[in-house]
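The primary structure of each chain is shown beneath.
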Amino acid sequence: MRQSHRLNDIGLINRDKVITFNFNGKSYQGYEGDTLASALLANGVHLVGRSFKYHRPRGFIGAGVDEPNAKLQVTINGHSEPNINATEIELVDGLSATSQNCWPSVEFDIGAINNFLKRFFPAGFYYKTFMWPKSFWYKVYEPFIRKAAGLGVASLEKDKERYEHKFEYCDLLVTGSGPSGLASAYAAAKNGAKVILAEDKPRYGGTLLTDDVSIDNMSGKDWSEKIVSELKKMPNVTLKNRSQVFGYYDHNMMVMFERVGDHLTNKSKYTPRQRLWYIRAKETILSTGSIERPIVFGNNDTPGVVLSSAAKEYMKVYGVLVGRKPIIFTNNDSAYETAFEFKKNNVEPIILDTREEHDSEVVQEAKNKGIQIKFSYGVIVANGYKKVKSAKIGKLTKDKKSFESTETINCDCICVSGFWTPTVHLASQSGNKLKFDEKIDAFIPDKSKQNEKTVGAANGSFTLQETIESGFKTGSELSSKITDRNNENKIPTVTETKHNVHDKFWCMPLPKNENPKRFVDFQNDVAVSDIEIALREGYRSIEHVKRYTTLGMATDQGRTSNLNGLQMVSNIENKIVPEVGHTTFRPPFTPITIGTIVGREVGMEFMPTRKTPMHDWHEKNNAVFVDAGAWKRPRYYKQGNETLLEASKREAKNVRENVGICDVTTLGKIDIKGPDAAEFLNRVYTNAWLKLPVGKARYGVMLREDGMIMDDGTTTRISENHYHMTTTTAQAANVLSHLEYYLQIVWPELNVNVVSTTEQWAGAAIAGPKSRDMLSKLFPDLDVSNEALPFMGYIESNLFGVPARIFRISFSGELAYEVNVESNYGLFMWEKMMEIGQEFNNQPYGTEALSTLRIEMGHVAGPELDGRTIPQDVSLDGLVSKKKDFIGKNSLGKEAFILENRQKIVGLVPTDRKSSIPEGSHLVENEKAKLPNPKLGHVSSSCWSVENNNPFSLAIVNDGKNMIGKKLFAVSPLKNTSIEVEIISSHYVDPEGKRVRS
Amino acid sequence: MLHINCPFCGLRAQKEFAYGGDATVKRPELNKEVSKEEWDNFVYMRKSPRGKHIELWHHISGCRQWFKVQRDTATHEIFKTAKMSEEIV
Ligand SMILES: [Zn+2]
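Residue numbers (this note's numbering), protein chains in the order written: chain A, 4 to 1001; chain B, 7 to 95.
By construction, these hints were calculated from the structure, which means they are not laboratory data.
There may be inaccurate statements among the hints.
[Said to hold, decoys possible] Restraint-style ranges between C-beta atoms, simulated for each label pair:
| id | chain 1 | residue 1 | chain 2 | residue 2 | range |
| --- | --- | --- | --- | --- | --- |
| 1 | A | H82 | B | H82 | 36 to 42 Å |
| 2 | A | V805 | B | G57 | 55 to 61 Å |
| 3 | B | Y25 | A | D888 | 47 to 53 Å |
| 4 | A | D162 | B | M7 | 45 to 51 Å |
| 5 | A | E838 | B | M51 | 31 to 37 Å |
| 6 | A | E838 | B | M7 | 49 to 55 Å |
| 7 | B | H82 | A | D162 | 31 to 37 Å |
| 8 | B | M7 | A | D709 | 26 to 32 Å |
| 9 | A | K964 | B | Y25 | 38 to 44 Å |
| 10 | B | H82 | A | E441 | 44 to 50 Å |
| 11 | A | V21 | B | H82 | 48 to 54 Å |
| 12 | B | T81 | A | E576 | 51 to 57 Å |
[Said to hold, decoys possible] Some chain B residues well away from chain A (every beta-carbon gap over 10 Å; in silico):
| id | residue |
| --- | --- |
| 13 | G16 |
| 14 | A24 |
| 15 | S91 |
| 16 | E92 |
No residue lacks a Cβ here, since even glycine has one placed at the ideal position from N, Cα and C.
Input sequences plus hints: build the corresponding full structure.
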């Protein structure tokens, strides 16, 4: 198949490998080494999309990251992604792309009617139109905006690709492999520094691949290849192509995005698609080059209008002609080289130079080559709808505000050059305040903020000589600071054309009675008229103008539009650009995939899964698991077709009647040792700890300094200076940090050590009236009588040869024990318990039954200790010592905390004794009251009381003490329920606590 | 991401640490009469200075030591880190 615009003997593509791809349903061919953009242009395709607001036909403007228009929906290997820059994605077999933001097709787009209605879509249109009424938002405005703003479509499929993260340290990171980047990387590498050289494109060399220069008698391309091959041989250098440093963060950390597998057709299973690098560099060289900016003129968004540098790159790198009848429209010398390249490939360009007639090296060369130049000329309007067909051009008057004459000439492309904008994004992100360089009409980095130095075109040096010299010098200086070596570099000899000064001209005036759109920001469809409106309506700050017009707010971050926008504002405001200032640059420099940001942390790898040693047993015995932080805990053990409620009732009932065992390994455990351990506990907990005897456990509550309960649990005195603390599963990590804080910072004089032993011990609770009988069979040689092992007692023993700790503590309110063994024996312990428990009708129980048991006993847990309750609120004031001081004690005297009608924990039963009360329901007096209905409290925990066979809940209610016996409504707008409830005591079962002591 | 020099472990990435607030706050002594104002200042009132600030960090994914960091809250520049027993002046 013929590629209509492919040149025969120029370009760096691999013509031996033909690649077939699909665009908007049509099959095309390109070559390996093409981008999707170059392959489409090779086939004469310019029209690739519709614009964001007006749905105007759009084509390619750039050849890389500067491209604002060619955002396509691209499918490779069945994986579809929106908003892919066609100028950046490499062509691969089977790639299929479609245009976005158009319906039914890019050729005929209904939305283009917006273009004819454009006077209704000025700046601020969205702000003005969608303000009111509020009720219209959800049903009218939002769907409309969403539809109109429809860029690509996110895939609903799971992303099957693999993404990776990598952490790297280096002496010097060089961002960009143009002449200054290569020179600085080379100089630093010669000094022995550990260097990373990152290049966004597949090919190293930057402008050396396209500029007509010679270095040490080699072409720019050959010199870059020589340097790259030398760098590749050096062990201290990492070269990364297809890798873009997109973010500059604190302490010299850069984030880089590497396209590892996107261009590979047969990549192995473990080759990631993309990789994110976190690079901590001692020094950074920003050699990010510059981006050509357009000159603004009428209908300058017509397909076929391209940047002159892009036209040259398409020819020299890809062997592609963007047109056969080009106009070169420029205010500077660099675009002449694009004209020369056209001429070299037997295409006749015409140059329109906004500068007055003058002489220079390039002008002479053009004349020698027989290229027609029209001085003081510019393009006024591009004609043609889906493709440039001709251009109305005009001779500018001396003041350049109107025309002496106009004419129309035929053309099929307009290559425009409005001079160069240094790419200062990374420097700005590092905190560098930019400064305006009058010479080049653009911002360049000012004083370094972090360890960064900008070199080459990014620093406003637009001659190769200067660029290469500063590269060698900076690379050498920065590296010798680190390596203490100072290699002598021979600076190469450079031959290049001398460029004259450019014309400070950026926007063509309009002829009388004509009003074509002149676009400043292509991606967001912001025209000159929009900026004028914003200023007319009183917006002055450039940040406000930006937000009102959306100028520079698209994903291209205004790479081609920012400066022209600033020029526009400064002209209208009669200020100089530096007074207008510039908007903020933020990472990422170009859009990156969510997959890359997430990396391997998806699915099971999202966070670690913590399993107890008995996990496999639970799994085999039909446990249904629930997440408790990172832990998996059995919620219930399903039998047959049981529901959650049925299973938890069965399990809880069995504990009340017989005996059950529960895996409590997940409870936080902290080992506390040292001569001052008792004193420390005495300060941490609200109750007294100095007199706890060895072999005894005690329940304790700890507060934050603001008086709120932090956590509760039992702590056991194992020996004179050794305690075993338990915490709730959820607070384990926080409690450890809390203890360390007080030991290391507040009371360093205390001789105490703490360490987490949560994972060292496996724990099982044995609960129920038959638990003592069962325990005695587990430890046949041990006296487990109420006298030998009373409530809150502790004994060490061995479980069939395995050392075990036995605590007589209870969360269920029944006679109960907890047995701990070393983790590796956890399963052994559990299986022994299951085996021996058979004769006592032992059943395992999960967290749902565990909750049921503790709720009907009125024992508080996480939902009550939610960081907003003090001990009195949950009836734990009995544990608050009046005699000693402890963490948070001073706060308990606060006025609000000692109010008579302070909130308090109560129990609730539905008056119908049937309806379960949703947790989180609000308690109100009148269910039908007008909103906002005053809230008297909330339901914290709910269960089905197995003891009384009806629903029961715990709640925290205002003036709880005096509410017993009253009736309220528990309303849950979420569940759409309203249940009449009776307030009773929070201790629904065994209020005297007889069972635990039995 | 900050690069923090743990006085015990050396330079480590910020994600290994937890922030702990103003290091110059002193807890009132135990068992001593504290005025309401003094206590409230200790529990609630914190300065939020722009510029140099001595703060606490906890090397939770490392040596588990709390230590002091002198950092510029506007630029994130870290001037000094020190063990709790050492003074930053
Ligand atoms: Zn450390």
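For each hint, the structure was consulted:
no., hint, in the structure
1, A:H82 with B:H82: 36 to 42 Å, "holds (38 Å)"
2, A:V805 with B:G57: 55 to 61 Å, "holds (59 Å)"
3, B:Y25 with A:D888: 47 to 53 Å, "violated (28 Å)"
4, A:D162 with B:M7: 45 to 51 Å, "violated (25 Å)"
5, A:E838 with B:M51: 31 to 37 Å, "violated (60 Å)"
6, A:E838 with B:M7: 49 to 55 Å, "holds (52 Å)"
7, B:H82 with A:D162: 31 to 37 Å, "holds (34 Å)"
8, B:M7 with A:D709: 26 to 32 Å, "holds (31 Å)"
9, A:K964 with B:Y25: 38 to 44 Å, "holds (40 Å)"
10, B:H82 with A:E441: 44 to 50 Å, "violated (33 Å)"
11, A:V21 with B:H82: 48 to 54 Å, "holds (52 Å)"
12, B:T81 with A:E576: 51 to 57 Å, "violated (32 Å)"
13, G16, "holds (12 Å)"
14, A24, "violated (7 Å)"
15, S91, "violated (7 Å)"
16, E92, "holds (12 Å)"
Violated hints for the displayed structure, listed by number in ascending order: 3, 4, 5, 10, 12, 14, 15.
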